[in-house]
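Colleague: With the hints as extra help, turn the sequences into a complete structure.
So the protein lines, in turn, are chains D and L.
Under my numbering, the residue at position 105 of the first sequence is numbered 105, and the numbers go up by one with no gaps.
Under my numbering, the residue at position 166 of the second sequence is numbered 166, and the numbers go up by one with no gaps.
Hints may contain errors.
[To be verified] Covered stretches of chain D (chain L as the covering partner; in silico rule of three or more C-beta atoms under 8 angstroms from a C-beta of chain L):
1. 185–191
2. 203–210
3. 218–227
Treat the hints as calculated values from the structure; they're not laboratory data.
Using N, Cα and C, we set each Cβ at its ideal position, and we do this for glycine too.
So the chains spell out like this:
2 protein chains.
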Amino acid sequence: MSLITVGTMAFDAIETPFGKVDKIVGGSATYVAYAASNFIKPVQQISIVGNDFPEVEMTELTSRGVEMDGVEVVADKKSFFWSGRYHLDMNTRDTLVTDLNVLADFNPIVPENYQGADFLMLGNLMPKLQLSVINQLTTRPKLIVMDTMNFWMDIALDDLKEVLKKVDVLLVNDSEARQLSGEFSLVKAARKIMSMGPKFLIIKKGEHGALLFNENHVFFAPALPLEEVFDPTGAGDTFAGGFIGHLAKTQDISFENMKTAIIVGSAMASFCVEKFGPERLKEITQKDISDRIQQFVRLVNFDIDLV
Amino acid sequence: MSLITVGTMAFDAIETPFGKVDKIVGGSATYVAYAASNFIKPVQQISIVGNDFPEVEMTELTSRGVEMDGVEVVADKKSFFWSGRYHLDMNTRDTLVTDLNVLADFNPIVPENYQGADFLMLGNLMPKLQLSVINQLTTRPKLIVMDTMNFWMDIALDDLKEVLKKVDVLLVNDSEARQLSGEFSLVKAARKIMSMGPKFLIIKKGEHGALLFNENHVFFAPALPLEEVFDPTGAGDTFAGGFIGHLAKTQDISFENMKTAIIVGSAMASFCVEKFGPERLKEITQKDISDRIQQFVRLVNFDIDLV
Chain D
1 MSLITVGTMA FDAIETPFGK VDKIVGGSAT YVAYAASNFI KPVQQISIVG NDFPEVEMTE
61 LTSRGVEMDG VEVVADKKSF FWSGRYHLDM NTRDTLVTDL NVLADFNPIV PENYQGADFL
121 MLGNLMPKLQ LSVINQLTTR PKLIVMDTMN FWMDIALDDL KEVLKKVDVL LVNDSEARQL
181 SGEFSLVKAA RKIMSMGPKF LIIKKGEHGA LLFNENHVFF APALPLEEVF DPTGAGDTFA
241 GGFIGHLAKT QDISFENMKT AIIVGSAMAS FCVEKFGPER LKEITQKDIS DRIQQFVRLV
301 NFDIDLV
Chain L
1 MSLITVGTMA FDAIETPFGK VDKIVGGSAT YVAYAASNFI KPVQQISIVG NDFPEVEMTE
61 LTSRGVEMDG VEVVADKKSF FWSGRYHLDM NTRDTLVTDL NVLADFNPIV PENYQGADFL
121 MLGNLMPKLQ LSVINQLTTR PKLIVMDTMN FWMDIALDDL KEVLKKVDVL LVNDSEARQL
181 SGEFSLVKAA RKIMSMGPKF LIIKKGEHGA LLFNENHVFF APALPLEEVF DPTGAGDTFA
241 GGFIGHLAKT QDISFENMKT AIIVGSAMAS FCVEKFGPER LKEITQKDIS DRIQQFVRLV
301 NFDIDLV
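Modeller: What follows is the structure, encoded as structure tokens:
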């Protein structure tokens with residue numbers, strides 16, 4: 001009963017209407033690990049960092065049950081760096097700087113002791129590398145979840161389509177679903193994307209929630225209406241971490257349980273946006289999580305007997 | 001046990017990415033009446049039409065329990081006419097033509113036999129006229145619901161604020177909530193708007209669903225993910241009609257019952273957008289409505305015991 005996560009561990013510089021940070025820990029695998037480790041241990045991390053990635057961050061993750069055997073440390077290079085500025089609506093952002101650094105040479109190797117994992121979370125990363133990890137596994141995991149982004153659709157669509165054939169769940173946002181399918185209607189987009197490989201599709205709509213599609217079924221989970229979204233960076237990765245963390249914990253990959261997993265993911269993401277970077281995720285307790293999930297229940301629960 | 005509705009009865013010309021109609025029956029009170037009459041009779045209509053409004057439409061509405069005593073027919077003028085073109089996302093539109101015609105002289109009179117109604121639906125209309133209707137009522141209704149739009153915020157904000165002080169529920173869309181409150185966060189916007197008078201606020205987000213606020217409580221209802229939104233004209237009015245129709249039918253104006261009423265309103269709106277104008281609303285049966293509401297239950301229902 002374990003979970004492999006693949007993705008970046010990095011530094012971000014972030015500007016939002018509420019503030020600015022010049023250098024904060026980030027990366028898709030970092031957020032996934034912080035979120036998923038609340039539900040499942042070990043989280044077996046595969047990533048790459050430079051000589052500048054904080055030891056204290058590694059220790060913090062390790063103390064939460066995140067295994068680092070698959071994290072390559074490159075002594076003479078810097079970690080991946082991303083810098084971006086959010087617009088007022090927080091749903092759109094401009095990328096200001098992308099310094100690949102160590103990521104330019106990343107060749108993920110699955111450690112021997114990771115083999116046999118039941119769950120695989122492919123965080124947002126070059127599709128070729130996601131595929132390489134799948135191909136290295138001697139036993140196919142029970143469930144493979146893949147995150148990706150428009151950038152890979154622009155420059156590596158053929159590779160992306162290869163990975164799609166091998167995964168069970170794809171996570172994209174609404175504009176990416178439209179780009180990938182060429183369909184404006186999300187219902188039509190979902191049908192087309194599921195014909196490319198994944199049996200399940202999650203379309204994230206930011207502050208407007210998320211949709212889960214499977215065959216002819218659809219489930220909708222709202223985002224929590226928040227007073228302030230402080231920093232949306234990592235919210236999608238945190239959602240993914242909560243989602244697969246719940247599935248790995250319960251060992252149940254039915255559509256019904258995926259609904260619950262999406263609520264768990266949404267709850268985790270709602271914490272993420274409350275502070276810069278993964279800061280808020282480091283503070284929260286099991287009770288905070290369970291209270292937040294109850295807020296989601298109250299948010300959508302209604303009594304239909306009256307109708 | 002009755003419901004008064006006030007608003008326009010009109011003609012629309014509509015252009016969407018899916019087609020075009022040059023002249024179709026529309027108007028806020030028309031849509032409200034078609035929706036609400038599925039749940040409550042009589043619906044006591046207050047509106048104004050010209051010599052061109054179809055007799056067959058009046059007969060159709062009357063056969064559904066809509067009373068026309070409050071609908072003034074002006075013999076020598078034309079009905080209100082609106083023409084608009086929707087963008088591809090269907091959430092935004094350009095107004096091409098607005099011919100006030102009879103609406104320029106509208107002075108709504110509450111007929112004597114409408115007095116004593118428990119529910120009042122103030123459809124989107126000049127705020128002064130909404131206020132005039134409230135002031136004519138000898139007994140305050142149990143619940144006053146008000147719809148409005150950005151246009152009145154631009155040109156009649158003071159009047160609008162006067163009406164706000166006298167209503168229980170306000171319906172606006174997200175951009176209108178932001179405009180009226182000056183707050184970007186919808187949670188903050190809701191708090192500010194509720195301090196202006198209404199105890200309940202519904203923020204409609206089109207394809208992204210709707211939020212209901214009351215004191216510190218919030219409820220979220222999704223919109224049904226549809227293959228195609230054919231024509232969104234009247235969806236907001238239809239939502240309002242389903243909402244107040246359910247409340248009037250059940251005679252229960254608690255927050256809990258308003259949640260259900262919002263699901264009913266969303267279900268009605270999901271029919272409205274399937275064809276041009278109110279065409280689809282004329283076809284549906286009680287079974288269609290009940291099946292559609294069940295779709296909403298399945299869309300948001302999840303089992304949280306597993307967490």
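Colleague: Now tell me if each hint is right for this structure.
Modeller: Here's how the hints hold up against the structure:
1. 185–191: holds (count 4)
2. 203–210: holds (count 3)
3. 218–227: holds (count 8)
The structure shown violates none of the earlier numbered hints.
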